[in-house]
Every structure is written in C-alpha cells, then in structure tokens.
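Colleague: Chains as they are written, first to last, in the working numbering: chain Z, 110 to 446; chain Y, 110 to 446.
By construction, these hints were calculated from the structure, which means they are not laboratory data. Where hints are given, some of them may not hold.
For identical chains, the list gives no copy identity; a pair is met inside one copy or between any two copies.
[To be verified] With a straight-line cut-off of 27 Å between C-alpha atoms, the simulated DSS-like cross-links for lysine-lysine are: (1) K194 with K355; (2) K311 with K437; (3) K311 with K433; (4) K398 with K185; (5) K194 with K175.
2 protein chains.
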Amino acid sequence: MTFLITGGAGYIGAHVVRAMVLAGEKVVVLDDLSTGNEDRVPEGVPLVVGSVLDRLVLEKTIREHKITGVVHLAGKKQVGESVEKPLYYYHENVQGLTVLLQAVADAGVRNFLFSSSASVYGMPDVDLVTEDTPCAPLSPYGETKLAGEWLVRAAGKAHGISTACLRYFNVAGAATPELADTGVFNLVPMVFERYDAGEGAKIFGDDYPTPDGTCIRDYIHVEDLAEAHVAAARKLAEWAAAEDYKDLTVNIGRGEGVSVAEMVELLNKGTGHDRAPVISPRRPGDPAKVVASADKINTVLGWQARHDVSEMVTSAWAGWEANKVARKDAHRDVHKA
Amino acid sequence: MTFLITGGAGYIGAHVVRAMVLAGEKVVVLDDLSTGNEDRVPEGVPLVVGSVLDRLVLEKTIREHKITGVVHLAGKKQVGESVEKPLYYYHENVQGLTVLLQAVADAGVRNFLFSSSASVYGMPDVDLVTEDTPCAPLSPYGETKLAGEWLVRAAGKAHGISTACLRYFNVAGAATPELADTGVFNLVPMVFERYDAGEGAKIFGDDYPTPDGTCIRDYIHVEDLAEAHVAAARKLAEWAAAEDYKDLTVNIGRGEGVSVAEMVELLNKGTGHDRAPVISPRRPGDPAKVVASADKINTVLGWQARHDVSEMVTSAWAGWEANKVARKDAHRDVHKA
Numbered sequence: 110m111t112f113l114i115t116g117g118a119g120y121i122g123a124h125v126v127r128a129m130v131l132a133g134e135k136v137v138v139l140d141d142l143s144t145g146n147e148d149r150v151p152e153g154v155p156l157v158v159g160s161v162l163d164r165l166v167l168e169k170t171i172r173e174h175k176i177t178g179v180v181h182l183a184g185k186k187q188v189g190e191s192v193e194k195p196l197y198y199y200h201e202n203v204q205g206l207t208v209l210l211q212a213v214a215d216a217g218v219r220n221f222l223f224s225s226s227a228s229v230y231g232m233p234d235v236d237l238v239t240e241d242t243p244c245a246p247l248s249p250y251g252e253t254k255l256a257g258e259w260l261v262r263a264a265g266k267a268h269g270i271s272t273a274c275l276r277y278f279n280v281a282g283a284a285t286p287e288l289a290d291t292g293v294f295n296l297v298p299m300v301f302e303r304y305d306a307g308e309g310a311k312i313f314g315d316d317y318p319t320p321d322g323t324c325i326r327d328y329i330h331v332e333d334l335a336e337a338h339v340a341a342a343r344k345l346a347e348w349a350a351a352e353d354y355k356d357l358t359v360n361i362g363r364g365e366g367v368s369v370a371e372m373v374e375l376l377n378k379g380t381g382h383d384r385a386p387v388i389s390p391r392r393p394g395d396p397a398k399v400v401a402s403a404d405k406i407n408t409v410l411g412w413q414a415r416h417d418v419s420e421m422v423t424s425a426w427a428g429w430e431a432n433k434v435a436r437k438d439a440h441r442d443v444h445k446a
Numbered sequence: 110m111t112f113l114i115t116g117g118a119g120y121i122g123a124h125v126v127r128a129m130v131l132a133g134e135k136v137v138v139l140d141d142l143s144t145g146n147e148d149r150v151p152e153g154v155p156l157v158v159g160s161v162l163d164r165l166v167l168e169k170t171i172r173e174h175k176i177t178g179v180v181h182l183a184g185k186k187q188v189g190e191s192v193e194k195p196l197y198y199y200h201e202n203v204q205g206l207t208v209l210l211q212a213v214a215d216a217g218v219r220n221f222l223f224s225s226s227a228s229v230y231g232m233p234d235v236d237l238v239t240e241d242t243p244c245a246p247l248s249p250y251g252e253t254k255l256a257g258e259w260l261v262r263a264a265g266k267a268h269g270i271s272t273a274c275l276r277y278f279n280v281a282g283a284a285t286p287e288l289a290d291t292g293v294f295n296l297v298p299m300v301f302e303r304y305d306a307g308e309g310a311k312i313f314g315d316d317y318p319t320p321d322g323t324c325i326r327d328y329i330h331v332e333d334l335a336e337a338h339v340a341a342a343r344k345l346a347e348w349a350a351a352e353d354y355k356d357l358t359v360n361i362g363r364g365e366g367v368s369v370a371e372m373v374e375l376l377n378k379g380t381g382h383d384r385a386p387v388i389s390p391r392r393p394g395d396p397a398k399v400v401a402s403a404d405k406i407n408t409v410l411g412w413q414a415r416h417d418v419s420e421m422v423t424s425a426w427a428g429w430e431a432n433k434v435a436r437k438d439a440h441r442d443v444h445k446a
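The shape of chain Z in the complex, shown without the other chains:
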C-alpha cells in the first residue's frame, strides 16, 4: 500500500505524514507549497510539488508511485479569507476535490480520506455534537467542507471507493518544534503572538451563556489527530481489500469542553506568562459551545485522544520559541525589501 497525502507539507499534513511513516506505511506527498513548507517533509518521503487542480500531475503521481489510497488534506482553511474570496475557496476546495476524485476513480484507487471540519455544524444547539447533528455551516469555508463531504460520499458510492470524512475540532500542539503551526489563525498561536508583543490574550466575548461566560471548544492534539488518520486510512484499505466499499464520517475531538478563559489560564501557566486577558466584544458567528461526541470514532476505529490540553500548550510553545529566529529573519527581510 502507498498513500498519497495531499497537503502533506502543511501543519496538519506533516503530522499525518510523520504518523503514517512511524506506523510503517509508505507515503508520497503532493503539495503546491502555497502555505506548506518543504522542510516539513521528512527525508525519504517523495514530495511532488503540484496542485490537486492539475489533472496531469495527479495521473502521473498516482501511476508512477503506484498509489493505492489517498489522504486529502490540501485546501484553503481560513474562515475570514473565505468570506472575502468565496469563489477562490470553491475553486480550490470543491473543484480541487472534484478533479482529484475523478483522477482517483479513473485510476482505480479504492480508498479516499477527506479532511473535514467541525465548521460543517455551524451553531450546533446541542451539548455534545454527534455525527447526526444537523449541518448548517456559517462560512464559505465550512460550506466547501460540507459540499466536499457530500461529493466524497457520492463519488464513493458511484465509483466503488471506501471513503472517510474526518471532522476536526480545534487542533493545537506539535509533535516536534519543527512541525509546529506557523500560521496565526487559531487561538494558541494568536495568543503567543500577543505575548511576543507584551500583551495578554484577547478574549472575544465574556457574556456567552456558559459557566464562565466565554466560549467553549474541544481542543485536540495534532499528534492524536494524526493517529486518527492512520487508523482511518487502514480501516478504509481493509474495507477496499474486501471490496466492501463503505463511507465513514466521524468527529475527531476529545469529547471535553474547555472555555477560552480556562485555555488562557493554561496558556499563561504553560508558557510562564502572567498576563491578564483583554476582553473584547463577541465576534459575529462564534457559537457559544462546540464540543464533540467522540464515541463513534472510538467504536469504529478504536481511537481515542491520549494528550491533554496542557501538552498541546507546552508543545506548541516549544515550537513557537524554536521558530522565533525564523520569524525575526522573515520580518527583517520584509523590511529590507
């Protein structure tokens, strides 16, 4: 078996590549390096620089590397940017997926894993979000993920492909400092950026109907997330080998809510800071509480999270500190240019 990992040079992708390699699986990375970094791809893992929108690159890669399964993580993932550029997001995320699935179907590849997101649920009005909670995404980003899931399941049925859609909750942490998230679009790196500027964390809204008034989320360590991919990819390969084509849609979360205020405390503690958070007004579209039920993935794949939130904070901070020099260099280069 050889798995093609699209977006394998990204933050999550590189962790999935690492986990697959550690588990003894053969992998090939396809990444257009628009946000990914080739340094994240380990030695010995072939990197094809190209886009999932490029049919010819896909055909060649699948043929030359004898790909038997695809783990599709490539895609645009910034909610705010998707509101400004919805056509770009549909082109990259939905059309990219369409081209990739057509290549997969035509080449006879029989298993396909798709990275989806808790954003498909929108504002879920339930205590724990199960996979049967109605989907009502609130941003073009979330819409491209839900439309992507529909397409994956329909193409799987039409063409005999085992498929999985993994709905990520809030991903944080790093397996090694080099693989840490370098973007600043999630809570943890956003707070780190404020620490560097000498400021405390920013909390958007403390008047939500939750115990401490701040939003509640379900954080998942990227290493746990990556291991869920290994388990899912192997399950798909098992189904495909038996010609028993099925689809699987599962949440990946810890099944435990952590409020933003609690997270800020953990962040201060885990990084040795002692800065009071700054309370800002609510952001439009932020649901009060989104916590996964992780029962289904545990039942079907035997997977469960092993790392707690403190480990996410300390590993992310180690990565942030290690990348400080690189960020300063980048900053200086910008000012020189």
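We have chain Z already, so just place chain Y on it with the hints.
Modeller: Same frame as chain Z, now just chain Y:
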C-alpha cells in the same frame, strides 16, 4: 438593461426568454445545446453557443452585448443521473457557477439570478415548506443546488452583486406547443409516454401517510414560473441601481398540494384517456409531501401563480401531441443509423 440567460434554449429557459421578451426586456441566450434546442430561441434574440465553464466565451459575451444582469438557468438536472455521475454534476453545476460568477464579478455585472430547486429541502417534515425550513438535500443534484445557493449569496456579499435564488417546485405545462418539455424525467411527460405505449400512469407507492396514500407535490405552470423570473430580475436590477446589494431566496410554487392519484385523474381527464393507473412500490428517497409556502415571493415580488393544474395538463398535452411527429422521426433516425 440587457440580461444574459444561460440555458435559455432549454424547456424552462425558453419560457423565461419568452416572458422577458414579452415584458420588453432585452435578452441574450447562452446555451451549450447539450440538452437545449436552438429552435426554442425566438428570432431577434442572439444565441451564443457555449458553456458557462468557458471563461473566454463568458467575457466576450458580457462585453460585446453589454450585459447588465445574468439569469443563470444552465445546469444538469436529472436526479438519477446525478447519483451515477456525481463528479460530472459538481463540475457542471458548481464549477460552472464558480466560473460564471467570477466572470460576472470581474465584469462589474451587478445582478445575478440563480435557478435553485425544492430538492434543497430533501425530506421536509413540515406541512408547508418555507424558505427557513432546514435544507438537507438527498441527491447530488440537490446538493449542487444548495452549494450553488451558498456560493451565489457569498459571492454577492463579497463582490457587491444583488442575487436571487429561486427554488422551483414541480414545473409542468407549456406556453406554446413548441416550447413544451421534450424530456421524460417528470411525472407529466412520463405519463404521456405510457399513454403512447397503451398503458396507464404508474404510481410509485400508495401507502404514504397522506389522505389517498400517494405522494403530494406542488405543481407550478412554467409560464407562471417564467413570470416570477421577470419580477425577480427587475427587483435585482432595482436594488443594484440603488447600490443596495441584497440577496433573495424564494420558493416558487402554488402553495397547494396535489396528490399523484389526483394528478393522474387530471391527466386522464385532460387528455381524454381512461386508463387505470398501475401501482408500483415506493421509490427510495421520495418524500411523502412537499408543498411550498408561496407567501414570501408574494410579499417581496408581488407575484402569484395564475394557472391551475388543469391548464398545465392540457398545455403539456398539446405540446406532446405536436412533438409526436418529431419524436417518431428521431426514433426512425436512430434505427437507421
């Protein structure tokens, strides 16, 4: 004002073109003639033969004809085919829409009307379906319509375009025999085809939880539907002229349910047949009852249906009879080839 009508050589498209022309609007048709027929485009209306997936044709057409608004009806619309070929449906319907909207945004066109469908609702568990009834499409066709609506609204917000999504219920009838539906994918022409074969109508399931046990639908005369497009296109142009970019999503139905058994009676009566229907098992995915609330379109556009179901039947039958010779010729050509 000049409106580009994509899919204007199709059954519904030709009726929209006719209604726009009768209302004094200037129109241009873009149709790839994959299912449309150029004979349906009236003299004096320019026909550009091309696909909405062809960016260059779109740019040229918008520029040369000084298009100020787009009525987008082109698309694939067979539910069963969409299950077999989901990738084709996403490419044609979602990617086609993405390319078209990008051309519209780049050219500064400020109003855009999109043909959606009651299929976005899936199996609505309500007596009357309002525009706020949750959407949960059941086929790739319906999914491409809902994803299309999302994209239309998001692109409208991002680029300053007034948009409308019109959710068609069950369209039937013809304004003139030449414009009648030539496909046999809807109840009315399917029954006519059985009449021609000497058989009675086929009813799929008579054990639904409805008064007579057969499914209940909301039928709308294609002439009424076309007039709703004129009203919506004018409203969009009015908003755009005031630089007040809004989006409008409305049902187009009569707001009255007709059961399949009642429809079969009307069909027998309207065509002079007297054949007992044949009861077959339920088809998977057929909801028991789907009837529109037509309040919103009446309030916002002042539109309401003028033609009843009997008029749909008799006008459709006149078209079916008129096209009999053409169908026989086509049949003979196939056998000769």
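Colleague: None of the hints should be skipped; say for each whether it holds.
Modeller: Hint-by-hint comparison with the structure:
{"no.": "1", "hint": "K194 with K355", "in the structure": "between (34 Å within a copy, 18 Å between copies)"}
{"no.": "2", "hint": "K311 with K437", "in the structure": "within (23 Å within a copy, 73 Å between copies)"}
{"no.": "3", "hint": "K311 with K433", "in the structure": "within (21 Å within a copy, 72 Å between copies)"}
{"no.": "4", "hint": "K398 with K185", "in the structure": "within (24 Å within a copy, 39 Å between copies)"}
{"no.": "5", "hint": "K194 with K175", "in the structure": "between (36 Å within a copy, 25 Å between copies)"}
No hint from the list above goes unmet by this structure.
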